[in-house]
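Protein chains: 2
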Amino acid sequence: MSNNNATSVPEAYPMNGGDGTYSYTKNSSYQKAAANVAKTLIDEAIAEKLDIEDFSSASSSAFRIADLGCSVGPNTFACVQNIIEAVKQKYGSQMPDFHVFFNDHAANDFNTLFASLPPERHYFAAGVPGSFHGRLFPEASLHFAHSSYATHWLSKLPEEVTNKNSPAWNKGKIYYTTSPDQVFNAFAAQFRTDMAIFLEARAKELAAGGMMVLIMQTIPDGIHQSRIPSGIMFDFLGSILMEIAKEGLISEEEVDSFNIPVYTTTPNEMAELVERNGSFSIVKMESTSPWLKVGHIVNNTEQRLARELRAGMEGVFKTHFGSDIVDQVFDRLNDKSGQLINQLESSHRQGTQLFLALKRK
Amino acid sequence: MSNNNATSVPEAYPMNGGDGTYSYTKNSSYQKAAANVAKTLIDEAIAEKLDIEDFSSASSSAFRIADLGCSVGPNTFACVQNIIEAVKQKYGSQMPDFHVFFNDHAANDFNTLFASLPPERHYFAAGVPGSFHGRLFPEASLHFAHSSYATHWLSKLPEEVTNKNSPAWNKGKIYYTTSPDQVFNAFAAQFRTDMAIFLEARAKELAAGGMMVLIMQTIPDGIHQSRIPSGIMFDFLGSILMEIAKEGLISEEEVDSFNIPVYTTTPNEMAELVERNGSFSIVKMESTSPWLKVGHIVNNTEQRLARELRAGMEGVFKTHFGSDIVDQVFDRLNDKSGQLINQLESSHRQGTQLFLALKRK
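Sequence order for the protein chains is A and B.
Position one of the first sequence corresponds to residue 1 (UniProt numbering), numbered consecutively onward.
Position one of the second sequence corresponds to residue 1 (UniProt numbering), numbered consecutively onward.
For the record, the hints were derived by calculation from the structure and aren't laboratory data.
One should not assume that every hint holds.
[To be verified] Here are the simulated lysine to aspartate or glutamate pairs, EDC-like style, with alpha carbons at most 20 Å apart:
{"no.": "1", "chain 1": "B", "residue 1": "Lys204", "chain 2": "B", "residue 2": "Asp256"}
{"no.": "2", "chain 1": "A", "residue 1": "Lys88", "chain 2": "B", "residue 2": "Glu139"}
{"no.": "3", "chain 1": "B", "residue 1": "Lys88", "chain 2": "A", "residue 2": "Asp256"}
{"no.": "4", "chain 1": "B", "residue 1": "Lys284", "chain 2": "B", "residue 2": "Asp221"}
{"no.": "5", "chain 1": "B", "residue 1": "Lys164", "chain 2": "B", "residue 2": "Glu286"}
{"no.": "6", "chain 1": "A", "residue 1": "Lys171", "chain 2": "A", "residue 2": "Asp256"}
Everything numeric in this text was worked out from a predicted model, so none of it was measured.
Could you put together the complete structure from these sequences and hints?
Spelled out as structure tokens, the structure:
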């Protein structure tokens, strides 16, 4: 039943598990800053737009919350806690029990997630393994879905990009930042397919009146991908890989065939995809700027940046290049991170995060 | 919220994780035989006694099933599949989506469990970390709870047994089989406390009309603990430990202070505990005899028996004695398993499993 709406099996690139030096648990301060920026907006959306009366027809035994793409914590716990507090703030003692579902790929380190669940939590917890590019929950069973920094990951690389004879073959690059239009178009088409599947699945799973909050990378209208932090970072990693290829440790073709399966949407594009799906109304939509508040940029702590990028991206690199090359890439990134931070400081950091609150019609 | 009904933090002795030589995944054929014996009884209980009309007041979005103490598979998947088929057999297309919750201690290897979920399953799956000696689910949210070979594990060792100055100090033994009454009484009291907490939690979690099936070790009236397979096996392991102590590799006091936190109830005792709880009616209660169908006894495959015992019991031994001694214990068990099998073949193997189907009033 999982993934039965997807056209192919989604690929899994979980964040680094465990709690070691390069773990996501210890290296997700950017995602934390992003969540903090979103906190006030979530509070407002719940206070102004959540209507528990809408659920009365369902006469449910619990208020069910899902965090989609939860990784291994700790950000997911803070986020869920915030949602519960905002709901309680509004409805007080009328609330039934809270049931929280932590979702990520089956390859995610759920053992670490479960071991770090807050012992004093005031909700019942469950883990849900599987891709959110497909069904995960029974029909009309959820009341609140949340996803932070997960839906910009594509379910898979677009096929054209992996075909050497296609005009979308991304020679010498690992991202579409400065690639021919065909490459960008292939990424955009994959994202639109993925998001259509995502919205269709959530439309089935959310009860009428239920709310969904998506927090994801975005790019402001009129700004080029090469000027925003994600484009700069991915190109920087690409140049390190090409450097390693020129030294003969890997082949250039290995770099050509490697692409980061991430897409940065625009607010307009997301609004259009939501409208096309037809099951949700947009309750709140706002571009925010967490990059202006991230410690490792503001305070120029170079090692931290390299570690954070590694915690989030290592999985994709390892699958394609193997562990030895991953060490090379991130060691070199670490050595050069002053240079990367300089580039990030002069990048366009306003409005690179989209906050989108939707309500199931 | 987890364990908030328990008087202390329950101890966790998960079955061996992963899928290696000593994994529970590869070494749980006894539990499989036990589940097979129970299959027909579950089918009958569902066909005769499950009344989906009872749930209509809950107007639920899903039919929710929990397997309590699921371990890492594969038995739990077969069991859940069987329950779903029996429910579908009875109600056909009227059924809403099935939502299945796999529960075990947070220390259980959920990563292995999730990786082995049947890809073609016709239900939505979730993992629930935490002790069933406490609340795990929202009020009245479950329709079917199942637990096989889990509820005979105590939440912790009774305190008296761990106190050298108590008359329940179990000198020279690791189980109560041939111990003074005080030792047996301490185990029995702990079980009765645990089962009271277990039934109270499930009474809150099961919707009215919901069904619970418990499959657990039992001992027929009038048969002594030393004559049934579990008593024989635990005593055998105890004698190996005393042998190791006599050789000086561990102290005798280490053996004295070690006890297997398992209790074998009688059908009468369980019936009394259910009645005392008051929230359930007994739909079906039957003693069955899976030991008469277990391959490694019937076919005398000695290595298999040692491996299976290790997969289930290693966790308890390791916590107390450390890995080196665990290897010693199970290597010696392997060498002597012909002897153990002889004892098992002449043991009392009828009626050592209790099948109990309860209905939430």
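Right, here's what the structure says about each hint:
| no. | hint | result |
| --- | --- | --- |
| 1 | Lys204/B with Asp256/B | violated (39 Å) |
| 2 | Lys88/A with Glu139/B | holds (17 Å) |
| 3 | Lys88/B with Asp256/A | violated (51 Å) |
| 4 | Lys284/B with Asp221/B | holds (18 Å) |
| 5 | Lys164/B with Glu286/B | violated (39 Å) |
| 6 | Lys171/A with Asp256/A | holds (5 Å) |
Hint check: violations occur at hints 1, 3 and 5; the rest are consistent with the structure.
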